[in-house]
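**Q** In case you want the letters, here they are:
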Amino acid sequence: MNKFEYPVLSIRNLNKQFGPGCNHCQNQKESTLIKNYCPVCGTVYACQDISFDLYPGEILGIVGESGSGKSTLMRCLYFDQEVTSGEAILSTYEHGERNLFQESPQRKRYIRNHLMGKVYQNPLLGLKMDFTSIGNIAEKLISAGSRSVEEMEARGRELLEYVNIPAFRMKEAPKNFSGGMQQRVQIAKALSNRPPILLLDEVTTGLDLSVQASVLDLIKYLQREMNISMVVVSHDLGVIRMLADRSMVMLDGKVIEQGLTDQILEDPQSPYTQQLVHSLL
Amino acid sequence: MENILTIKGLAKSFTLHHLNRKIKAIEHINLSVKEGEFIGITGKSGSGKSTILRCIYRTYLPVQGEIWYRSKKFGLIDLAAATEREMVYLRKHEIGYVSQFLNVMPRTTARELVQQSIIEMGDSEEFAVKETGKILKHFELDSELWDSYPSTFSGGEKLRLNIATAMVKRPRLLLLDEPTASLDDASKQKVKVLIEQLMKEGTTMIGIFHDLEFMKDLCHQEYNIQQGESLVMTNS
Numbered sequence: 001m002n003k004f005e006y007p008v009l010s011i012r013n014l015n016k017q018f019g020p021g022c023n024h025c026q027n028q029k030e031s032t033l034i035k036n037y038c039p040v041c042g043t044v045y046a047c048q049d050i051s052f053d054l055y056p057g058e059i060l061g062i063v064g065e066s067g068s069g070k071s072t073l074m075r076c077l078y079f080d081q082e083v084t085s086g087e088a089i090l091s092t093y094e095h096g097e098r099n100l101f102q103e104s105p106q107r108k109r110y111i112r113n114h115l116m117g118k119v120y121q122n123p124l125l126g127l128k129m130d131f132t133s134i135g136n137i138a139e140k141l142i143s144a145g146s147r148s149v150e151e152m153e154a155r156g157r158e159l160l161e162y163v164n165i166p167a168f169r170m171k172e173a174p175k176n177f178s179g180g181m182q183q184r185v186q187i188a189k190a191l192s193n194r195p196p197i198l199l200l201d202e203v204t205t206g207l208d209l210s211v212q213a214s215v216l217d218l219i220k221y222l223q224r225e226m227n228i229s230m231v232v233v234s235h236d237l238g239v240i241r242m243l244a245d246r247s248m249v250m251l252d253g254k255v256i257e258q259g260l261t262d263q264i265l266e267d268p269q270s271p272y273t274q275q276l277v278h279s280l281l
Numbered sequence: 001m002e003n004i005l006t007i008k009g010l011a012k013s014f015t016l017h018h019l020n021r022k023i024k025a026i027e028h029i030n031l032s033v034k035e036g037e038f039i040g041i042t043g044k045s046g047s048g049k050s051t052i053l054r055c056i057y058r059t060y061l062p063v064q065g066e067i068w069y070r071s072k073k074f075g076l077i078d079l080a081a082a083t084e085r086e087m088v089y090l091r092k093h094e095i096g097y098v099s100q101f102l103n104v105m106p107r108t109t110a111r112e113l114v115q116q117s118i119i120e121m122g123d124s125e126e127f128a129v130k131e132t133g134k135i136l137k138h139f140e141l142d143s144e145l146w147d148s149y150p151s152t153f154s155g156g157e158k159l160r161l162n163i164a165t166a167m168v169k170r171p172r173l174l175l176l177d178e179p180t181a182s183l184d185d186a187s188k189q190k191v192k193v194l195i196e197q198l199m200k201e202g203t204t205m206i207g208i209f210h211d212l213e214f215m216k217d218l219c220h221q222e223y224n225i226q227q228g229e230s231l232v233m234t235n236s
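Those sequence lines, one after another, are chains R and Z. Each residue of the first sequence is one higher than the one before, starting from 1 at the first, in UniProt numbering. Each residue of the second sequence is one higher than the one before, starting from 1 at the first, in UniProt numbering.
Treat the hints with caution; some may be incorrect.
[Unchecked claim] Each computed DSS-like pair below joins lysine-lysine, with the alpha-carbon atoms no more than 25 Å apart:
{"no.": "1", "chain 1": "R", "residue 1": "K220", "chain 2": "Z", "residue 2": "K130"}
{"no.": "2", "chain 1": "Z", "residue 1": "K73", "chain 2": "R", "residue 2": "K3"}
{"no.": "3", "chain 1": "Z", "residue 1": "K158", "chain 2": "Z", "residue 2": "K134"}
{"no.": "4", "chain 1": "R", "residue 1": "K3", "chain 2": "Z", "residue 2": "K72"}
[Stated by the list, open to error] Where chain R lies over chain Z, by a calculated footprint (3+ residues, C-beta under 8 Å):
{"no.": "5", "segment": "16-23"}
{"no.": "6", "segment": "54-63"}
{"no.": "7", "segment": "84-90"}
{"no.": "8", "segment": "127-133"}
Don't read these hints as lab results, they were simulated from the structure. We put the beta carbon where it would ideally sit given N, CA and C, even for glycine.
Sequences are here, hints too, so could you generate the full structure?
**A** Laid out in structure tokens, this is it:
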């Protein structure tokens, strides 16, 4: 059948290992690794052969236990870490003909600043805590090439309003804010360059329920109003169920299951996913 | 009339890894549904009625068989083998599913819930606002409730909202999984009026109902499922 739509982001065979690898683990990975760890040379295979497509306006969920490689995957996608091997194609970059992972650091910076946004679980990683909130947004806009103070201020104001940070607190530093507010400033910052792709890594973890609901609301709203494609990582199945139409389950650095989110929750196939779903409150 | 849905040799079983067991749910299911038809499925509880609907909606992954659906967008497509993205599209635009349970975003009001499902289909906000008012009124959901959160609703109110949300999208194929199970007679009557209206508009429906009288009144064709195996036509 003809394809009826084309992905904005395609990841093929992404691998990320920490450590050199040795004869023992490189030859027969499956049998010799303990989870994702080689007992001989101590290499950790954090992401193994991960492939997926992200479609326009879609939220793709990634679930899995701590240490399953979710965050490493996200860091690789945002070039926070170098991949060991693999391919990433972005349809809006160079007509989708270049492997992002093989671009120069300079080009990677360009892609980060212009075509992607990321929200970290820990706001310390995504924000400069001592800068003003609006200054944080300006920082991203400057790296995306903006030079007009007026424009940046207007854009910053608009975005902070969008994520419900009151106007009279815009010039305050995020360190004075609650966790939920920091997370919303982070989202505003990530959105500032109007990225077609947003990466969200455990953005609601550690927030209380009402704040979590407001962040989830915001994410849904962004998808609906701005048609942004998002990859949402969470270990919370409830969050994934609310947000994602499709999901992947990761374990020990591998994608062990993927499907429609409700299908994964109602009819999980692999032993681990079944265990995970049965642990749901 | 052409068949809109043809199920051939459908089977579903569940492998429970922690018990090391395989549970058979349905086997050898064949069914064809013509466009605009209302099909009712009856059978004892646990006989696999819901499983059939869930396989069509792909909440369950069938282990065997084909589910050919005539889609407006894709033409003839096997739902058992369609890609996830195709299913996402079909769920948004062509196939609806109503169960007894309401699943909503936290802090989304009843009004927003219905509006969003219309906007998701690509209709304008203006249209969504109008349609939402109409359908909520039809189900006599107290207008004071429109802007409150469904998690605070009574069982009957939740259910009516659930049905309203699915029906407002006017899907081509609507799967009804005991949507009236806990409704009182007056509410059932309202669901019935809406089902009849959808039938008039040409929506094809497959339904499981607790209330046989209710179902017999509406459906063109009734099938009985016997212990997970084969559907037997009971009347027409």
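**Q** Has the given pair, R:K3 with Z:K72, been kept, meaning a C-alpha gap of at most 25 Å?
**A** 15 Å, holds
**Q** Checking one constraint from the list: CA of R:K220 to CA of Z:K130, max 25 Å. Satisfied?
**A** The given pair, whose Cα atoms are some 22 Å apart, holds under the 25 Å limit.
**Q** Next pair to validate is Z:K73 with R:K3; report whether the Cα-Cα distance is within 25 Å.
**A** 12 Å, holds
**Q** Taking a Cβ-Cβ distance under 8 Å as contact, does the segment 84-90 of chain Z have three or more residues in contact with chain R?
**A** holds (count 6)
**Q** Taking only the CA atoms, is the gap from Z:K158 to Z:K134 under or equal to 25 Å?
**A** 17 Å, holds
**Q** Taking beta carbons only, do three or more residues of the segment 127-133 of chain Z come closer than 8 Å to chain R?
**A** Coverage by chain R is violated here, the residue count being 0 at a Cβ distance below 8 Å.
**Q** Check, residue by residue, whether the segment 54-63 of chain Z contains three or more positions whose beta-carbon lies closer than 8 Å to a beta-carbon of chain R, and give the verdict.
**A** This one holds; 5 residues, not fewer than the three required, reach chain R with a Cβ under 8 Å.
**Q** Is the listed coverage of the segment 16-23 of chain Z by chain R valid when you require three or more residues with a beta carbon under 8 Å from a beta carbon of that chain?
**A** holds (count 3)
The earlier numbered hint that this structure contradicts is number 8, and it is the only one.
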